[in-house]
Structure formats: structure tokens, C-alpha cells
Amino acid sequence: MKVIDKIVHWARLKSPWILHFNTGACNACDIEIIAALTPRFDVERFGVQLKATPRHADILVCSGPVTRQIRDRLIRIYEQMPEPKFVVAVGTCATSGGVFQGLYNVLGGIDQAIPVNAYIPGCPASPMAIIDGVVKLLKSLEESE
Amino acid sequence: MTDAETIKQKLEAKFNYLKGSVRLQREKRLWLETAYDKFAELFDFAVKELGFSFLCTITGLDEGENLGYIYHLAQPGGIVLNIKTRTKKNEPIKSITAYFPSGNIYERELVDLLGAKVEGLIEGLRYPLPDDWPRDQYPLRKDWDAKVLEKGSYGEMHGENVQMPIGPKQIKGPTSFSIAHKNDVTLPIGPQHPALKEPESFSVALRGEKIAGVELRLGYNHRGIEKGCEQRSYIQDIYLIERICGICSHSHSTAYVSAVEEIAGLEIPKRASYIRTIIAELERIHSHLLWLGVAGHEIGFDTLLMYSWRDREAIMDILAMLTGNRVNYGINQIGGVRRDITPDQVPQIIKVIETLEEQTKYYIQLALEEVTLIQRLSGVGVLSKEDVLRLGAVGPTARASSVPRDTRKDDPYAAYAEMPFKVITDDHNDVYGRTIVRLGELMESYSMTKHALINMPDGPISVKAPRKIPAGEAVSRYEAPRGEDVHYIKSNGTENPERVKVRAPTLANTQAVSKMLEDRYLADLPIVVAAIDPCFSCTDRSISIINLENEHEKVMTWKDLRDYSVEWYKKQGVDFSKMKRRQFP
Amino acid sequence: MGYALFNIFIFPGFLFLGVISLVAEYFDRKLYARLQNRVGPPWFQPLADFIKLLGKEDVVPEEADKKMFNLSPVFALTAVMTAFFYIPLWGAQAIFSFNGDLIVVLYLLTIPTLTFFLGGWYSRSLFSTIGAVRSITQLFAYEIPLFVSILAPAMLANTWSLSEMAAYYNSHPWFWLANLIGFGVALISLLGKLERVPFDIPEAETEIVAGSFTEYSGRLLAYFRMAIDMEAIVGASLLAAVFLPFGLGLSPVLGFILYLIKIFAIIALLALFRTVFARLRIDQMVEFCWKYIAPIAFFQVLLDLVLKAFVIR
Amino acid sequence: MSKKPWIHPGKMIEFVLQSLFKKPATVNYPFEKMKMPEKFRGKLIVHPEKCIGCLICMKDCPAKAITIKKIGDKQFEAEIDLGKCVYCGQCVDSCPKKAIEITPEFELAQIDRNKLKVSYNAKPGSPDSAPDKA
Numbered sequence: 003m004k005v006i007d008k009i010v011h012w013a014r015l016k017s018p019w020i021l022h023f024n025t026g027a028c029n030a031c032d033i034e035i036i037a038a039l040t041p042r043f044d045v046e047r048f049g050v051q052l053k054a055t056p057r058h059a060d061i062l063v064c065s066g067p068v069t070r071q072i073r074d075r076l077i078r079i080y081e082q083m084p085e086p087k088f089v090v091a092v093g094t095c096a097t098s099g100g101v102f103q104g105l106y107n108v109l110g111g112i113d114q115a116i117p118v119n120a121y122i123p124g125c126p127a128s129p130m131a132i133i134d135g136v137v138k139l140l141k142s143l144e145e146s147e
Numbered sequence: 010m011t012d013a014e015t016i017k018q019k020l021e022a023k024f025n026y027l028k029g030s031v032r033l034q035r036e037k038r039l040w041l042e043t044a045y046d047k048f049a050e051l052f053d054f055a056v057k058e059l060g061f062s063f064l065c066t067i068t069g070l071d072e073g074e075n076l077g078y079i080y081h082l083a084q085p086g087g088i089v090l091n092i093k094t095r096t097k098k099n100e101p102i103k104s105i106t107a108y109f110p111s112g113n114i115y116e117r118e119l120v121d122l123l124g125a126k127v128e129g130l131i132e133g134l135r136y137p138l139p140d141d142w143p144r145d146q147y148p149l150r151k152d153w154d155a156k157v158l159e160k161g162s163y164g165e166m167h168g169e170n171v172q173m174p175i176g177p178k179q180i181k182g183p184t185s186f187s188i189a190h191k192n193d194v195t196l197p198i199g200p201q202h203p204a205l206k207e208p209e210s211f212s213v214a215l216r217g218e219k220i221a222g223v224e225l226r227l228g229y230n231h232r233g234i235e236k237g238c239e240q241r242s243y244i245q246d247i248y249l250i251e252r253i254c255g256i257c258s259h260s261h262s263t264a265y266v267s268a269v270e271e272i273a274g275l276e277i278p279k280r281a282s283y284i285r286t287i288i289a290e291l292e293r294i295h296s297h298l299l300w301l302g303v304a305g306h307e308i309g310f311d312t313l314l315m316y317s318w319r320d321r322e323a324i325m326d327i328l329a330m331l332t333g334n335r336v337n338y339g340i341n342q343i344g345g346v347r348r349d350i351t352p353d354q355v356p357q358i359i360k361v362i363e364t365l366e367e368q369t370k371y372y373i374q375l376a377l378e379e380v381t382l383i384q385r386l387s388g389v390g391v392l393s394k395e396d397v398l399r400l401g402a403v404g405p406t407a408r409a410s411s412v413p414r415d416t417r418k419d420d421p422y423a424a425y426a427e428m429p430f431k432v433i434t435d436d437h438n439d440v441y442g443r444t445i446v447r448l449g450e451l452m453e454s455y456s457m458t459k460h461a462l463i464n465m466p467d468g469p470i471s472v473k474a475p476r477k478i479p480a481g482e483a484v485s486r487y488e489a490p491r492g493e494d495v496h497y498i499k500s501n502g503t504e505n506p507e508r509v510k511v512r513a514p515t516l517a518n519t520q521a522v523s524k525m526l527e528d529r530y531l532a533d534l535p536i537v538v539a540a541i542d543p544c545f546s547c548t549d550r551s552i553s554i555i556n557l558e559n560e561h562e563k564v565m566t567w568k569d570l571r572d573y574s575v576e577w578y579k580k581q582g583v584d585f586s587k588m589k590r591r592q593f594p
Numbered sequence: 248m249g250y251a252l253f254n255i256f257i258f259p260g261f262l263f264l265g266v267i268s269l270v271a272e273y274f275d276r277k278l279y280a281r282l283q284n285r286v287g288p289p290w291f292q293p294l295a296d297f298i299k300l301l302g303k304e305d306v307v308p309e310e311a312d313k314k315m316f317n318l319s320p321v322f323a324l325t326a327v328m329t330a331f332f333y334i335p336l337w338g339a340q341a342i343f344s345f346n347g348d349l350i351v352v353l354y355l356l357t358i359p360t361l362t363f364f365l366g367g368w369y370s371r372s373l374f375s376t377i378g379a380v381r382s383i384t385q386l387f388a389y390e391i392p393l394f395v396s397i398l399a400p401a402m403l404a405n406t407w408s409l410s411e412m413a414a415y416y417n418s419h420p421w422f423w424l425a426n427l428i429g430f431g432v433a434l435i436s437l438l439g440k441l442e443r444v445p446f447d448i449p450e451a452e453t454e455i456v457a458g459s460f461t462e463y464s465g466r467l468l469a470y471f472r473m474a475i476d477m478e479a480i481v482g483a484s485l486l487a488a489v490f491l492p493f494g495l496g497l498s499p500v501l502g503f504i505l506y507l508i509k510i511f512a513i514i515a516l517l518a519l520f521r522t523v524f525a526r527l528r529i530d531q532m533v534e535f536c537w538k539y540i541a542p543i544a545f546f547q548v549l550l551d552l553v554l555k556a557f558v559i560r
Numbered sequence: 038m039s040k041k042p043w044i045h046p047g048k049m050i051e052f053v054l055q056s057l058f059k060k061p062a063t064v065n066y067p068f069e070k071m072k073m074p075e076k077f078r079g080k081l082i083v084h085p086e087k088c089i090g091c092l093i094c095m096k097d098c099p100a101k102a103i104t105i106k107k108i109g110d111k112q113f114e115a116e117i118d119l120g121k122c123v124y125c126g127q128c129v130d131s132c133p134k135k136a137i138e139i140t141p142e143f144e145l146a147q148i149d150r151n152k153l154k155v156s157y158n159a160k161p162g163s164p165d166s167a168p169d170k171a
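Protein chains in written order, with the numbering used here: chain A, 3 to 147; chain B, 10 to 594; chain C, 248 to 560; chain D, 38 to 171.
With the rest of the complex left out, here is chain A:
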């Protein structure tokens, strides 16, 4: 079965479907995530497609410092995604809470709620930085096969 696993692994790396979720961000990173889909950066070259439902998605791209109200929805969305799933935290807020650290309604970072596979700092993380982050995540998955 070695060959089959290799093919499935190749397919998983070549068609990473993403689901975007804003956990209380200032929506600068969300606009940059969607800007990565538009003609100038066009992540469809890597097979990335923005999907609408957690059932279809492989990578959960989150932005925002996880406010208290959205923490449970984030966990529920993460649970709804079928296995081999990954989480990418886009922007300084998703990595550590950024300027919103210490505010009463903010938990400060995605890793306070769900396990995170890749961090992309930047306020906002430019579309190029997001592509660089996704490529680094895929490369690290390739080696860890």
C-alpha cells in the first residue's frame, strides 16, 4: 500500500482547501486573506480554494484574538472539520492577541482555544506573507510524511 499512501499524500498537499474564520479581528487580515485569492496573488495556482463549510475544508485560516463570545463557535467549527485538518493563525492578533492583549473580553491568540499548526505574524499579514506561511506549512507537512 506504500504507493497509494504516497499518492494520497501528494493529493493532500496539492489541493489544500481553506475555510476562513474571523474570531473578532479588525478584518484587516481577513481582507488580506481574500486579497490572496484575487488576480495579483491568485493562490489557486497552489490549488487553494476558499470553501464555505467546515465539512469541505482542510485548513482553517483564522484571524483575530478570539473574543470570549466567539471562543465556543471556534471550537465547534474546528470540531466539525473532517480529519487531516490544520489551523493557520494569520496576523499578530491570532498569534498572540497583538495590541488587544489584556483586554477583558479577549483571550489573546488562537492557540488559547484550538491547536495551531502555523503562525503568520504581521499587522496585517500581507497576502505575500500569507502565501509564504501556507507554503511553509505544506513544506513542513511534506517532510513530516
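Don't read these hints as lab results, they were simulated from the structure. In this text the structure is predicted, and so the values were computed from the model without any measurement. It cannot be assumed that every hint is accurate.
[Said to hold, decoys possible] Under the rule of at most 25 Å between Cα atoms (straight-line distance), these lysine-lysine pairs were calculated in the BS3-like manner:
1) D:K101 to D:K134
2) D:K60 to B:K370
3) B:K459 to D:K76
4) A:K138 to A:K53
5) D:K96 to A:K138
6) B:K17 to B:K57
7) B:K93 to B:K151
8) B:K477 to D:K134
9) B:K151 to D:K101
10) A:K16 to C:K313
11) D:K111 to A:K138
12) D:K70 to A:K138
13) D:K135 to B:K477
14) A:K53 to C:K277
15) D:K72 to D:K111
16) B:K477 to D:K96
17) D:K152 to A:K141
18) D:K76 to B:K473
[Unchecked claim] Every beta carbon over 12 Å from chain A, so not counted as near; a handful from chain C, in silico:
19) V266
20) F297
21) L300
22) V306
23) L318
24) F394
25) T406
26) L552
In this text, a Cβ means the ideal position worked out from N, Cα and C, and glycines have one as well.
Position chains B, C and D against the provided structure of chain A, taking the given hints into account.
Below, chains B, C and D alone, put in the same frame as chain A:
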């Protein structure tokens, strides 16, 4: 004698106890204080006779043993009357929703964040704090500290009607029960939904494809920025306020900085206010192009998203060249700007603007001739002129219903007094009109930016500002791409501001969303919501409940909802009560 | 016997249909991207998507009806595959043909839409229920014009079998020009059947998440997506066989190339429609179909009747 | 806007077909490096030997991303957490000794979190030790 002074005369003539206490801090800003028992009569006089027809917002202050309230009323001419009053902490105040229906958001916010008691406020979901926030904790009070929340990860989940306890402990009942009506389906849209770029949740009662009622629950974006501003210095606050919203970051930072400069009495150099205006207009261009793309995406016209965002990249490069970052420019500092526009950058900007002008002319042509676009946009989200005035809508949403409300014209700030531009209005009253208004404003912004770039005066770009701002207070208004943005700042002479109040444009427009959604199709909900170009991270608040049959909306706990649906199904002949419910571990 | 098995499984059968539908999806997505001035996916993208989905965990919601949830994608796939045998691809002879196979093909092409409804209804989630109901309302709007516009050339050729129709038009050249109006109507109805943009209301991404496919993931989603791709190929070759029956007498190799050109031209037209139009609302779509498309289809039938009665003795 | 222009479906067809023949507006990013404008605010570099330990940068940082530790008399170690920094450049402006410099480098994505913490310390004696690269 400016008309602000005539108003001051009229006030002092009518109420003799006000003699001499009406302060004219700067042209178009009137401040006055009154005891709460005389407040109602004064408020009625100001709204009815003096023509203050627009309620900017209500600011709540914690002043030791009593609560201070400031009602900011504005005239179409741009004059803002700020009425200050105060009551004991547990003394109730009367709701002003009789004069301004949109006031119930501001009052519900006072109740939630400051613990004010407001009579006559219709009951509704919590706002802006999360559902599981302990009831008697008021974060904006000076004596409140965050230690309370350490008890459980979100404090204890008690309270008689903690509604919809979200999270793993939630019992999974049948999803398609109905609250509003027998044959309706209640469809939860959000907080994760492809149409919404940001987390907000609508529960839409549907009758077939028609929307019967919409309940809008926000607060997912509430980060507690106002409390944060009180714990940080003025310099740190610039970067916190700037990140309220990613697309209109320059709006918030300019409004905040100009209010602080007004308190500190700083006169910023001409060149700095010109640079602020240029960056403001460049931000309006990129924000409107972004909106055009999002509107196209909402109605399934992705090609418009791809092309308008491809053109928008040119403006993002210009902004990155000028300010050092694509968004969150950080160009403002107290007393001026941090970076100058060098003469060799000017021709580059003008060249990009000319190419964009051609492209926008094509989009205007497209909006007038593409059949499917016109069919999906016209007649959708209708808002008449009276509704705009009654619900207090601002920005392109108001201007598309022929209400010429534009803060750049009424109450010019930065260098807008010397900018030649005309306010674009339209009489379609619907989403199509808003598209035309935004495209028209794009053309205006192009010409304004070119004009500002060409005759920008030389000179210094900033003035030395003290770290400690003297005591005082100020209100500043700014015309953000989505509408009028109001900042109120109160300082007490230390390095940290005492109170920072931000009222974002989308907060005023959300009232209008519920009006626009009456008996529309479900398919129109995304485009109607997108038409006010919501920026919920600005708003992170606002709640509005419409029940077309104005059946009184009862607040139900999760258990009631479940029992209600079980009986309802029993009447339909299906018995769910014995249904096995998987208990979460 | 061996040759028939080869026909069914390998050449103009399942394997060929699978490969050609993946190639068609790539062609469609690449053209769609190029029309939007961006680069678009690499050539192996549809294959990678399909294999990845096969390798993913398929989650069946707890409240869903397990049997129907799992079976609907399989029904969709089988219906589309069997419809492929009765369509004459190149040359005037399909693999199987009998008098009345035109009706069988039309009904086999309706089954996938029914399975979308069943899959959506039985996955018990709100979004998929609404998506399912919408796909049925849309079915009534585009199905009648499609049937009527396809029956018109059949009436002209005086037969219910696709192969005999192809033979008739082969022997009477230039007659197919009379059916061009019907071709336009059938193309627009094919847009509705494949749920492409002006009519992709059942899975409107920004309104009801992913319509009836909201709860599907992993293998089942792979089957559904493959069924839709195959339906595009089968629909395109049906339209090519009925409305563009020229050059059927060529040698098998040239005929095969001409057939490929025809279906890829139809796929390109669908991609162009997807780029240029915005999505209509369900009420606008039904109104548009009944107010404009259905009368034109009936006019096409009238035209053929007149032609048959007076022009061709 | 008053005169009703002739409304025809598919207005974008010519425009869309033209872009079929134009080169796509896509930048082949990870394979060809793309540079941000030269004054772009990206990663921060600290020259520890210029630092006099006045801690103004720690006071002014809106995200508490920079910490300065004293490791010897007149020797300070600066540690910047790139995961917390919002790249606003306020520390660059308020540092009296211009010890902090901003570079346009923006590709800072990391797989594990603590690789984002970058520290610059002037070892006693060595004039300008290479910051231990993340």
C-alpha cells in the same frame, strides 16, 4: 455672529439657569450641563425648536458615586450640542427612543457596560457583552477589575436568563425549531458564514423564501477597546484605536488624534492636515473599490470581485510606499504626521489615479448596463428618506436616499474646507442607489486627491506634543467611507485618557438593516447587509429585533426553547420528548 | 462479447467518461481563471481534488438518515454514467440504441437533481434543506424547456431514437440549422441543470453555504462532484448529438476529434456564462424561464412542424 | 444618470475576452521574490550596543513586544517577540539613541511559536555580536 452663537443666545434666553454656563469650545461645538430633572425639557426644546435632528451617540461616564451621561445632538449644518447630566448610580433614567428610535442601542450599551437603569427600553438580547457574561459585572466602571473572570474560564454561567449557553455544555436540540411562527423555519446565519466577512449572527425567521423576522446578535467582535484605552497612554492608544477596524483605520486614528489636539490646544501645520486629507481620500478609494468587489461576490458576480480588487492593488502599493504599511498606516501622531510625501512620489500617485479613473468609468458603465447586476440590486433593501431621518442612517446609505448628510461638508476637519468636491446623492433609495453613490464618490476622491497633491503647502509636518494632556474633553466627527464616525475623549491631565468613546458608522446603519430586510427574500439578505458596507469590528455592538407582527419577543432560556418545540411538534403529531439526546461528556 | 465489455468499461465507457470529465473541469476552471485575468489551477488539480476527497474522513451527521445520505451520491453517479451509452458520440451509432432511448436519456439526466434533493433533505441541516427545496423549484423551471427544445429536432427526424436522429440528419445535411433556436434554449437549461452561475441558486455560496452539499465531506462529496462533472460532459455531448449533428460520416479518428471540439466549445460557452453573469434570485430565475425560455422552445417546435408539413414532403 | 442607457446582458463579454489574450496579472510569488517598497515596516533589528537602557521603547510599545534586560554594566539584551509586535515603528521613533532599526522583511511565518522570539544581546567585550538568528 455665527449661528452657533445664535443657538447659544436662544438657549440662555429660554432657560435662565443656563446663563453663562453654555460653553462654545470651538466653532460648531456647544457644551452645557444641567441637572437631570431639568434635562427632559431642555432635550425636548433642543430637538423640537432648535432643529437638532440627529443623535450622534450617548456617552456614559463613571464619575465616582454617580453616573454621567452626555447626549451628543447634531444639526444638519454640522453644529453639535453636547448636553451633560448626571444621576445617582442606581437612579433610573428615561429612554429617549421616543425622539430617536436608533437610541436604543446606545442605551442598551449603557445598561450593559456601565450598569445604568433605563426605563422604557424594550427587552432584548444582551449587548455588547457575551451571553455568558455574569450579569452584575460592569466592565467600564472604574472600580471593576478583570480578576472576577478568573473564576471559571468565563466566569460563572448563572443568571436567570442566560440565553443559549454556547459551548460544549450545550444540549443539542432539534435544529429546525421555530420561535416566531408556526410555519416558519429559524435559520441561523453566522457567526461563520461565507457571506459575512466578520462574525455576527442573524437568526432569520423564514416563511418559504420570504424573511418574516430578523434578529441580529453582534458582540462577537467586542474586545473591550474603550476599557483598554483607559489603561494605556495617549501614544499607545493611537495604535489601539487605529486597529478598531482594518479598512477604515485612518478614520479612527484621525478622529482620535484631532480630538486630543483640540483638548491640548495644538495647532497642527497646514502640510500635516493636507497629508491627512490625502491619506483619508486614498483610504476611501481603496475602501470603496473593496466594497464594489464584496458586493459583486455577495450576488455571485465573482468577476467584479476579481477585477475591482486587482485594480485596488495599485492603491495598496501607493499606500505602502507612502505610509509603510498596506493597511493600519500609523501615519498620524499627536501634533501632525510621521512621514512626509516627497515631491518625487507625487507623479507616481497621479499616474496610478489616472489609470484608476478610466477603470472606474468602466465600472459605472457596467453598473448601468449589466442586466443581471441591475436585477439583483434594484428594488432591494429599500430605505425611504423619512426612514433615514428617523433611524439615523449615515454615509452612502443615507446619501442614496437623497439625504445630503456628509461630515466633510457640514463639519469640515483636516483640510476639507479648502477641497473642491460635491456631495453625491441619489434618489433610488435602494442598494442600486448605494452602488451609484459609492462609484460617484470614487470619482470625487480621485479629483480631490489630485487637487490636494498639486497645491500642498510646504512647511513642517508635525508639532511637538506634550506627553501629559491637560484636563478637558472634546468631540470629533469624521466622514469614514461608511459614514460619520464620532469620537468623544475626556482627559484628566495624566498620561492616560479618562474616557474614550467611539461610535462607528456601522452602528448607526445597523438600525436601518432591519428596516430594509422587511419581507425581502433570503437571497437578498447578504447583499442588503453588504450594502451598508458593515464593519462590525468597528461596531462590535448593536442589536435590533424586528417582529413584523410586533409580537412581543420573549426572552427564552434554552430549556424553554426545547420544551416549546417539543409541544409544538407534539401538536403536529410527532412526539420528540422521548428522543434520545446525546449528553456531552 | 469482449468488445462490448471494452466499450462499456474502457473506451467510450466509464474510464473515458471519468478522464474526460476531469479534463473538462480543468478546462473550465482554467478558462474561468484566465477570463478573470489570473493564472488558474495546474493541470492535475481536479485529479488531486478527487483523490484528496477520497482520502478524507467522511463525516455523517448524527441526525441525518444514514441510508439515504450515503446512497444519494451513488445514485447520481450511476444515473449519469448509464445515460452516456445511448448518446452517439461520433458517427451515427451509439453503443446501445432502441426506439425511445431519447426519453430514457432525458430522464436519466433528471435523476442527479433528484438525488441532490434527497441528499440535501436527508442530511437534516437547515442550509441543505433549503438548498434541496431550491434545486427542486429550479428543476421545474428549466426541465420543460429542455424537453421541448430537444423533442423538436426529434419530431423533424420523425423518431425517438438518438442514433436514428443522427442518421437522419446525416442524410439530410443543413437541416440541423433549423434547430439553432432550440440549441440556445437547451444551452440555458443545461446551465440550470448543472447549477452554473446565473442559475447556481441551490448552492449559492453566500446565501446558504453550500446548498445540499453542506453536510457532505470525503468520499461522498467526491462522488457528488464527479457526478456533476460527468453530467456536464453527458449534457454537452447530448446537445452536440441533437443540435450539431454535422460531420458524422468522417473516419472514426477525425470524428472523435470533431466530437471533442464540439463538447469543449459547449463547455467554453458555459464557462463564459459563469464569468459574465451575476446569480439570479430563485423567483427571477423561474420567472425568466417561464416568461422567455419556454415560449421560445414552443416556437421552435412550431417551426419544425411547419418545416415538416410544407418544406420536406 | 437620467437617460436610460441601452441595457444589454453580458456587458462584460468584450472586456473579459480581452483579458484572455493579456498576460495574467499574477505575480509568481514564492518562485520569484517580491519586494515591498523600501520604507515598508517589517521586521525590527536592534543594535544592543547603542542601547542605554532608558526603557522608553518598552513604555511606548502598544503590544508589549520588546523587553530590555540588563546583562552587564552598560550592556543590554533586547528581546523582540515578533508574534506580539504590530510593526508600527513607534519604538523606532521614540528611541533617543536610534538603537532600533526597521527593515522591510515581511516573510516571518513560523511553524513553532517560540521561533518568533528573537533576541539581540551584546556579549560583554564583543562590539557587535551577530544576533542569534531565529
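Check the structure against each numbered hint from earlier and tell me which ones fail, lowest number first. 5, 10, 11, 15, 20, 21 and 22
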